[in-house]
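Trainee: Sequence order for the protein chains is A and B. Its first residue numbered 1, the first sequence is counted upward by one per residue in my numbering. Its first residue numbered 1, the second sequence is counted upward by one per residue in my numbering.
FYI, nobody ran anything at the bench for these hints, they're computed from the structure. Careful: at least some of the hints might be erroneous.
[To be verified] In the SDA-like style, the derived pairs of lysine to any residue whose C-alpha atoms are separated by at most 20 Å in a straight line are: (1) B:K92 x A:I176; (2) B:K332 x B:R318; (3) B:K92 x A:N88; (4) B:K92 x A:V159; (5) B:K92 x A:S152; (6) A:K344 x B:S141; (7) B:K22 x B:R81; (8) A:K343 x B:E150; (9) B:K22 x B:G223; (10) A:K344 x B:E150; (11) B:K92 x A:N349; (12) B:K317 x B:R303; (13) A:K344 x B:K332; (14) A:K343 x B:K92; (15) B:K317 x B:E269; (16) A:K343 x B:K317; (17) B:K92 x A:V86; (18) B:K92 x A:E235; (19) B:K92 x A:M160; (20) B:K92 x A:S157; (21) B:K92 x A:G146; (22) B:K92 x A:Q342; (23) A:K344 x B:K92; (24) B:K92 x A:V212; (25) A:K343 x B:S141; (26) A:K344 x B:S147; (27) B:K92 x A:R249; (28) B:K92 x A:E186; (29) B:K22 x B:M1; (30) A:K344 x B:G96; (31) B:K92 x A:V245; (32) B:K92 x A:L171.
[To be verified] Computed footprint of chain B on chain A; a stretch qualifies when at least three of its residues, placed anywhere within it, have a C-beta under 8 Å from a C-beta of chain B: (33) 215-229; (34) 238-251; (35) 279-288.
Beta carbons: idealized from backbone N, C-alpha and C, even for Gly.
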Amino acid sequence: MKPVRPDTYRRLILLTGLGIVVLFLANLFWGSVSIPFSEVCRILTGGEPEKATWGYIVLQSRLPQAVTALFTGASLAVAGLMLQTVFNNPLAGPSILGINTGASLGVAVVMLFLGGTIGGSMVGFSISGYLSIVLGAFLGASVVLGIIIFFSTLVRSNVMLLIIGLMVGYLASSLISLLTFFSSSEGVFSYVVWGLGDFSGVALSQLPFYCVVLSLGLLIALLLIKPMNALLLGERYARNLGVRVGRVRVWMFVSTGILTATTTAFCGPISFIGLAVPHMARLMIGSSNHTGLLPATLLVGGAVSLLCNLISTLPGTASVIPLNAIMPVLGAPVIIYVIVNQKKIQYFN
Amino acid sequence: METVLEARKLTIGYRQGHHREKCVQRELDFSLEAGSLVCLLGPNGAGKSTLLRTLSGMQPTLSGELFMQGRSLSAYSERERSRSIGLVLTDKIFAGGLRVRELVALGRHPYVGFFGRLSEEDHRIVEEAIHQTGIEAKADSYMAELSDGERQKVMIAKALAQQCPLILLDEPTAYLDVTSRIEIMHLLHRLARQGKSILLSTHDIEQALLLSDRLWLLSRSLGMLCGVTEDLVLQGQMSRFFGRGGVTFDVRDGAFRLENASLRPLKVEAPAEMMRWVQNALMRSGFRAVSTETEPTSDLFLRVVSPTDMELNCAGKRITVGSFADLIDRLKLYVHA
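Pulled out of the complex, with its shape left as it was, chain A reads as follows (with noise of 0.2 Å):
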């Protein structure tokens, strides 16, 4: 593979960045309920709908779902990202190492277990609800990466570690069936609707919480970026040339750690985003420097999930596909492509 020239390397970024443009408004004109064109010009201008309930599908469930989308697709790919860099493994992911079954976990203590004492369903949830889900998501996810990271200092072998993951990820689907086993069946529903995977979870009002929490998140990941690029070297390496290796690793798992549970907490666990779109990525710039290849991964991902949330509520369908029945159909072929193909991408040697 040619590397990429800094001009080319602008172009693409600038093609994705009018991919999501394009993407956002399709997802705005699009949808389950097809609302004509012009309607939807004159409800996104401010003016007043033929029907009222148009205006209301487009201002309070397509908008707010498209941005969930966009946040959300960014958010998992920068945490993949940084978890592929951080355990120098290009087959890290959220998903792959448990740590959104760990979130997972967490979403189902506070919804079977306190929800159920709350008598609370997921539609009925406050935004204190839905506050103590994302701490439950967050605390979940902190635990696994916990583990993953004891782990880490034991075990050298990278793919020893990821199989460690998937353990974990076992063991904390087990506890989730004796949580769904022993709740009503009504939490047990929302649950597992919660779990097909869904941008429609963010309702309007809290959006603003949703941007600002993730923007959080990612505004830590892009200050990392100088060390992350130092830590391609190793631990030693890094070391020598200033890295304080220890504390980048903990602003590493913070950040990681509010991206994937806060995404996980609203939208379900949304598997190979984090896993698949660092690579779309780094094979799309042609480089694993991390100053060029965090904004890209970032930006892929916003742009495939919009594409992801667009398939799921396609036009002529009147339901809604859950978006993890999409996204491995999606993401599987990249990793399978990666994988095959290993000895001949770069950032693999």
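For chain A, the structure is supplied; the task is to place chain B on it using the hints.
Mentor: Below, chain B alone, put in the same frame as chain A:
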């Protein structure tokens, strides 16, 4: 001569828990002069890596003091240290997707700002480091596309871009083929001549003896000995530090070999430039070459004129042999007879 690094009563090793210490070397005193290439030699387990880790600040000293350019190393901040001591290791790196120039630019890390943006001056220093290590032709290649030897040159270029007065290298030529090993050693020698102070640990004794300005010999039982190569070799220090189980350092050849007392003497007359290889063939066949004057009692005599013209006198019989293969077969017959 200006001293870059100095140790006073330095004890190195590991802390195990709160009060237990595993000491590897005790009370070392040494100093490293500016602009010199020093090779750290010693058997496995002597503490070479521990010493290098201690000097690079990755591992705390157990006791004693280290001075870098006259200042205690413990008083250096992390940033100051990263500007004073450059490191080259054999650690696996994960930067296959970086281009050579980008990797060398990581050496500017201790100097650039929060977002790592390089100034004109930084770019100039990076290009100079690439030039000094002779990797210009590969500057735009991915790290993944390089050979092991080229990769090591890039890591040296990174250390140069770090602009440290002292560069430490932990077995930089391990895993390299012989040509790359020699290239790397000559590169380091040249850099030392240009004013860098270079300390490396190596098992490549041949190159170390040829090129290092001073040797630091390290052994578990004997501690540390520093000196100029020729002084140490001719004092018999190489055998003292490395000799074990009959392996000794042959001062004439500058190489290690297993001493074998059961070799039978064989009088040899051969051109000087061939003598080493004649001895080599004889040693494998169970003989020790002796000069014609010193050993009158032997009944064997070998006269070598050229590699294709040799004459073996054996108990009065004269046998002409045309190759070393032939000679070895004849000697085998003689031994079994």
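Trainee: Evaluate each hint against the coordinates.
Mentor: Cross-check of the supplied hints:
no., hint, in the structure
1, B:K92 x A:I176, "39 Å, violated"
2, B:K332 x B:R318, "16 Å, holds"
3, B:K92 x A:N88, "10 Å, holds"
4, B:K92 x A:V159, "16 Å, holds"
5, B:K92 x A:S152, "16 Å, holds"
6, A:K344 x B:S141, "14 Å, holds"
7, B:K22 x B:R81, "26 Å, violated"
8, A:K343 x B:E150, "19 Å, holds"
9, B:K22 x B:G223, "15 Å, holds"
10, A:K344 x B:E150, "19 Å, holds"
11, B:K92 x A:N349, "10 Å, holds"
12, B:K317 x B:R303, "13 Å, holds"
13, A:K344 x B:K332, "53 Å, violated"
14, A:K343 x B:K92, "17 Å, holds"
15, B:K317 x B:E269, "17 Å, holds"
16, A:K343 x B:K317, "64 Å, violated"
17, B:K92 x A:V86, "14 Å, holds"
18, B:K92 x A:E235, "10 Å, holds"
19, B:K92 x A:M160, "17 Å, holds"
20, B:K92 x A:S157, "12 Å, holds"
21, B:K92 x A:G146, "25 Å, violated"
22, B:K92 x A:Q342, "17 Å, holds"
23, A:K344 x B:K92, "19 Å, holds"
24, B:K92 x A:V212, "38 Å, violated"
25, A:K343 x B:S141, "16 Å, holds"
26, A:K344 x B:S147, "15 Å, holds"
27, B:K92 x A:R249, "19 Å, holds"
28, B:K92 x A:E186, "52 Å, violated"
29, B:K22 x B:M1, "35 Å, violated"
30, A:K344 x B:G96, "11 Å, holds"
31, B:K92 x A:V245, "17 Å, holds"
32, B:K92 x A:L171, "32 Å, violated"
33, 215-229, "holds (count 4)"
34, 238-251, "holds (count 6)"
35, 279-288, "holds (count 4)"
Hint compliance for this structure: hints 1, 7, 13, 16, 21, 24, 28, 29, 32 are broken, all remaining hints hold.
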